[in-house]
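**Student:** Given the structure of chain A, go ahead and fit chain B onto it with the hints provided.
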Amino acid sequence: MTQFSYKLLLIGSLLLCSAQTQALDATDIQSFTLDNGMKIIVLEDHSIPNANMYTFWKVGSRNEVPGITGISHFFEHMMFNGAQKYGPKMFDRTMEAAGGANNAYTTENLTVYTDWFPSNSLALMFELEADRIEHLAIDPEMVESERGVVASERSTGLENSNFITLMEEVKASAFRAHPYSWSVIGHESDIQNWSLDDLVEYHKVYYAPNNAVVVVAGDIQLSEVRKLAGTWFAPIPAQAPPKKITTVEPVQKGERRVYVQKASVSTPNVMFAYHLPATSDPDYYAFDLLNNILSEGNSSRLYQALVDKQIALGIDTYLPESFDPNLFYFFAVASPDVSAQTLELALIDAIAKVKENGVTDKELEKAKNLKLMSFYQAMETINGKANTIGTYEMFFGSYNDLFTAPESYKKVTPADIQRVAQTYLVKKNRTVGVLAAEEDTDK
Amino acid sequence: MNTSRSTLIGLSNVVICVCLATASILPSVSFAAANQFSLPLYETVVLKNGLTINLMKQDEVPLITVNAVIRTGAVNDNISGLANLTASGLLLGAGGQSKLKIEQSIDFLGASINAAAGKEGSYVIAEFMSRNSDALLPLVQAIIINPDFDAVEFEKLKQREIAGIERAKESPRNVISRYFDKLVFADHPYGNPVSGNSDSLATITVDDLKSFHSHYYQPANTAISVVGDFDTNDMSKRLETLFGDWQNSEQIKQPDSAKDLPVLSVANVLLVDKSDALESTFIIGGMGISRSNPDYVPLTVINTVLGARFTSWLNDELRVNSGLTYGARSNFVAYSKSGTFQISSFTKTATSKETIDLALKTYARLWETGIDQATLDSAKAYVKGQFPPDYETSSELAGLLSDMFLYGFDKDFINNFESKVDGLTLKESRNLIENNFPKNQLQFVIIGNAAELSDIAATYGKVKQVDIKAVGFYPRAPSLDAAH
Chain A
1 MTQFSYKLLL IGSLLLCSAQ TQALDATDIQ SFTLDNGMKI IVLEDHSIPN ANMYTFWKVG
61 SRNEVPGITG ISHFFEHMMF NGAQKYGPKM FDRTMEAAGG ANNAYTTENL TVYTDWFPSN
121 SLALMFELEA DRIEHLAIDP EMVESERGVV ASERSTGLEN SNFITLMEEV KASAFRAHPY
181 SWSVIGHESD IQNWSLDDLV EYHKVYYAPN NAVVVVAGDI QLSEVRKLAG TWFAPIPAQA
241 PPKKITTVEP VQKGERRVYV QKASVSTPNV MFAYHLPATS DPDYYAFDLL NNILSEGNSS
301 RLYQALVDKQ IALGIDTYLP ESFDPNLFYF FAVASPDVSA QTLELALIDA IAKVKENGVT
361 DKELEKAKNL KLMSFYQAME TINGKANTIG TYEMFFGSYN DLFTAPESYK KVTPADIQRV
421 AQTYLVKKNR TVGVLAAEED TDK
Chain B
1 MNTSRSTLIG LSNVVICVCL ATASILPSVS FAAANQFSLP LYETVVLKNG LTINLMKQDE
61 VPLITVNAVI RTGAVNDNIS GLANLTASGL LLGAGGQSKL KIEQSIDFLG ASINAAAGKE
121 GSYVIAEFMS RNSDALLPLV QAIIINPDFD AVEFEKLKQR EIAGIERAKE SPRNVISRYF
181 DKLVFADHPY GNPVSGNSDS LATITVDDLK SFHSHYYQPA NTAISVVGDF DTNDMSKRLE
241 TLFGDWQNSE QIKQPDSAKD LPVLSVANVL LVDKSDALES TFIIGGMGIS RSNPDYVPLT
301 VINTVLGARF TSWLNDELRV NSGLTYGARS NFVAYSKSGT FQISSFTKTA TSKETIDLAL
361 KTYARLWETG IDQATLDSAK AYVKGQFPPD YETSSELAGL LSDMFLYGFD KDFINNFESK
421 VDGLTLKESR NLIENNFPKN QLQFVIIGNA AELSDIAATY GKVKQVDIKA VGFYPRAPSL
481 DAAH
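Here the protein sequences line up with chains A and B, keeping their order.
Going by the working numbering, the first residue of the first sequence is number 1, and it counts up by one from there.
Going by the working numbering, the first residue of the second sequence is number 1, and it counts up by one from there.
Calculated directly from the structure, the hints in this document are not laboratory data.
Note that this is a predicted model, so its numbers are computed, not measured.
Glycine included, every Cβ here is placed at the ideal spot set by N, Cα and C.
It cannot be assumed that every hint is accurate.
Calculated lysine-lysine pairs in the DSS-like style (CA-CA distance at most 30 Å, straight line) [claimed, not checked]:
#1 A:K309 x A:K427
#2 A:K262 x B:K57
#3 B:K101 x A:K411
#4 B:K353 x B:K439
#5 A:K85 x B:K384
#6 B:K210 x A:K309
#7 B:K411 x B:K427
#8 A:K262 x B:K253
#9 B:K156 x A:K262
#10 A:K89 x B:K210
#11 A:K89 x B:K361
#12 B:K411 x A:K410
#13 A:K309 x B:K101
#14 B:K464 x A:K262
With the Cβ distance kept under 7 Å, some of the chain B side facing chain A (calculated, not the full set) [to be verified]:
#15 S4
#16 V61
#17 E170
#18 T311
#19 Y382
If you want the footprint, here are the derived chain B segments under chain A, 3+ residues with CB under 8 Å [to be verified]:
#20 108-117
#21 391-403
Only chain B is shown next, with the shape it has when bound in the complex:
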């Protein structure tokens, strides 16, 4: 195993959002602005059944990525984990071909097809060599439209997923954000863990998957983005042949995620006991922003100063100056109608208080001293310089097109990125900090040895404690004080 200097790469791990369908057949436009990174040309076609198809030619290597996104995820769970189990279940056999037969075909061609759900979207992603399109495209179609949900394979998948949640809890880093979302959003749909929990998964049946699939997996609720080495006209015809007859059925019921968002009036601390913990893993934060926030780009610049690069304030204080941790960072996790802001780090049990206090003190600098011009300029240069490699591969570009469909943003996000970054002033940064970063009633999740931490936890807010091995990601009763 390699050992790296830092794991602090990338900006916020934004996830998914909802939007209305894009207009039909957008003409190709060239975005060849000089000296500025711009999104490659692509075409959008909306079929008669409402299916959105995005086609972007990229021929550096003979590969194709298909990224299909369906507007459904954990927010649509009527049983916790159902969206994700449905997405995973797509791969258990389709169109009359068994799971094994499909896997053998895919692997033999060196290809891959994966499926999983997020909070607001479910994805089927295929990557293959362009010479194998004839074999792969019909498979992708069958997996999305005609999954078999084989009962024997489903039972095996379910048992693996249940055990997988137990296993995930062996690693605090893997599960801490599930606890944090539950702490912040409580019973609001954004609090739903994508994975579900071991009890909820146990109750899910094949019929639940079939009914979830037939309700949400409809063409008007789906976008298929294809990026790679192909002829655009030819690919467009192939997809129309494969997906043109797919019929919409019932009206889809989507939750109004803008409704009933919690108001965090109390500082809560969720202390998750892991009795053999070698260290304390923590998140501090609160409500954040939605992906459609018009200040999304300038806020990522400000967050870069605070906690999204090596020289960020948090990493500089907690790691470089004090040696308390291997890394500290902050980020916005943005959903379609809301989101969270999180500061995260870890430290040995004995220095838990010192580290959390220093994180809070560093965070307070946003208001107390604010950002100076040199730091702002540096952060702007940094996010601009690191932006193009985020959209270098067919897979990254296809993911971007899926996000555009879900979130309702367009090519301007890429093409105006630099000017939005450049436009941020010091004065504006103060306004943005005031209005978007949670200042009071902060929420804490600490995973570690509770016997050593309970007194410390109490200094930050009202403490609830749960054993990490307890089912789910929050204490069962009484319910949390993240009041509605």
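Okay, chain A solo, but in the shape it has when bound:
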């Protein structure tokens, strides 16, 4: 089937919640912490004969420094390339032969490993994970081969996604001090040059049990998880906590602009990025609802102002979850014969309307209903449950916040939304990126 949505991206967040629901109850979730500091969260759900294990590590591109940008993501790849008992290729081969599959993803803040398996393979998952957490073997030949894989991953992203191409440049300009400055995949030259020692050190510091939270959800029993965690994860020694990220991005004092030329682009793309507080800030909920009001559904502000008016072919906004203050992204693709400048002015105008006139009660209620719908959709699968629980644990301090989130959303008023828009969506706080086919010239 063809793509359904006018939306340009698929960066839906599962991190949503609202009103009372029977879909998930606080008492459904159990947790315990091993002596080495590793926290295990368990959700029994017997709807299908499957289960999953999501391991959230508090390491992402924010933990990197120039010279080793992208190493968090590269490391994510290396975690599959051989340990003590299960050598190169054996992690995947063993898991797949037992009916399991896996993947992993890296963000600015986190590295997350996901195992999906028939529930009778649970014990094997613990054994496989424990082997690579405690005894990863970093094989020099695998490192060299994996550099090629990651270079290809970087290249295919730039080839196929204007959003990725533009975001990399916009971030680099919006941040000049904080490590959110570089893309998660890192600079091409760093991919070619980090050393074996860099990797060994990274594993020791960040892949310590006290730096992880494990979520197990599905057709399993708490008692079994407790026993297996005791056998396989408890013996892994804790390490000194990683160094804190202390760099604070200096306040931006005026608009910044970047321009990217790409010959095959058919119409200009425009990105705005505004600095905003970390996800732990009380204003997160107001931003999250504003994000919805701006771009969710065809009745949204930006669709109506830009797509319906034939100024843009598509629009989107993106509000990443984040440990440190980060960016609120706007993205639009110009309609044929619409200039980047016209598109930019229309975006500014749509944002100005929120600042000047606020949003209506009805828009706010709509946003809350959209949140509720997304929450239910996440709760429909064991993967949605595991990911949502883990994400809350990471960004809001505790998975219990999943159950207080409805109240936090409920409290947000139209005045709150207008206030955050007026405070943060201002010119001096903005970086503008333009991607177009033509060379950037004085004309």
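**Tutor:** Just chain B now, with coordinates in the frame of chain A:
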């Protein structure tokens, strides 16, 4: 943006097929076989007007999915892209309510209604909270039966879609299968790109949509599958009230897609020039299988070994052993009467030849060494273990019921899946490889910098070249050698 280890998830992205209507009012049957994943209970009702209604209760969350499928798609296009534009056009206002008014109602309730066409089916899919059924069900009915096809909104949609095709071509990954289908099927209806092309869309009028809608959108040509949190009797009555008076009109003309299937007697290479390409994106393949192929399940097991999981031969060779690419895979794309088989990957321009050669060498292992017992056992465990999560949500289950209507398969696909997987032997795998995987006269689409690739392309077959910005998905003239 997140950066993932792999995008190699899932098996073949099978699409749609045609079948005869199912019998009326099937009794509910319990499929509670022990230790085996089985399809939840559902009821099928066929109304007097021939409309098929499937009802499956799932109450884990208070949501409902409605998936309506109409047996028409790109294969029915008399103007390229008409089926898809008609489906998209359903959402431009209906039953006297404007596009904006409908969108405001849907969004306010946190719901969504989407519509689009595929090769052989057109879909309207609504997802909403069960407490909002009263508001959503009549909207779904109006959208399917009484679309307004508002002229002003249609013009805007058309311009967006035309520009959307240009934009899709900015990403080789988005469009390469459209070129491949055209290369393999040429003028056969399965070669029709669902999107149409920028020239064909420009000629389509509101009257074309109205006539396409009145011809194909008829109750006897439609199934509505509802899955989620509802009372089955109550939902059945509501749907009968809403859709019972919908009348059939003219006799529907369907193409015979089993006819005039191309015979690929020449190895063709379609080289699509993207002059600023950072890499080469390619598909290698040929004719595949139809969705009704009795060996569909065992063939997915064999394809899993070759290219549909992380440790598959293709991914192992092209990614893990050689670092040439981020991912390599293979799949069958099955339609009702035919289909394609595709190996796909990408690599930097400089390693294009090395990567394509390695893909071909790896593919040849199917015949040269075949599959060993341990690998077969592993693949069986893998597809069985990964099967239940494919049918976990109301939306996935409703999609499955729509596919059953279009393809003509039934609950046995789910309930006998494990036994069919288990039944595959090494000997049988050799027969299946021999009879279903294209071995010779392979077809190639390569999208990349043609100046760097034209000599390489010529080593694989007879080359045609087209600029990616040229209209459509194939060179205009002379026509391709994918002879009939």
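**Student:** Work down the list of hints and note, for each, if the structure agrees.
**Tutor:** How the hints compare with the structure:
1. A:K309 x A:K427: holds (24 Å)
2. A:K262 x B:K57: violated (50 Å)
3. B:K101 x A:K411: holds (28 Å)
4. B:K353 x B:K439: Holds. K353 (chain B) to K439 (chain B) sits at ~19 Å (cutoff 30 Å).
5. A:K85 x B:K384: holds (26 Å)
6. B:K210 x A:K309: holds (25 Å)
7. B:K411 x B:K427: holds (28 Å)
8. A:K262 x B:K253: Roughly 46 Å between the alpha carbons, so the hint for K262 (chain A) and K253 (chain B) is violated.
9. B:K156 x A:K262: holds (27 Å)
10. A:K89 x B:K210: violated (56 Å)
11. A:K89 x B:K361: The hint holds at about 21 Å.
12. B:K411 x A:K410: Judged against 30 Å, a Cα distance of about 43 Å means the pair is violated.
13. A:K309 x B:K101: holds (16 Å)
14. B:K464 x A:K262: Measuring from Cα to Cα gives roughly 26 Å; hence the hint holds.
15. S4: Result: holds, 4 Å to nearest chain A Cβ.
16. V61: holds (4 Å)
17. E170: holds (5 Å)
18. T311: Constraint on T311 (chain B) satisfied, holds at 5 Å.
19. Y382: Y382 (chain B) check passes; min Cβ-Cβ to chain A is 5 Å, inside 7 Å.
20. 108-117: Coverage by chain A holds for the segment 108-117 of chain B (9 residues, Cβ < 8 Å).
21. 391-403: holds (count 3)
Hints 2, 8, 10, 12 from the list above are not met by this structure, while the remaining hints are.
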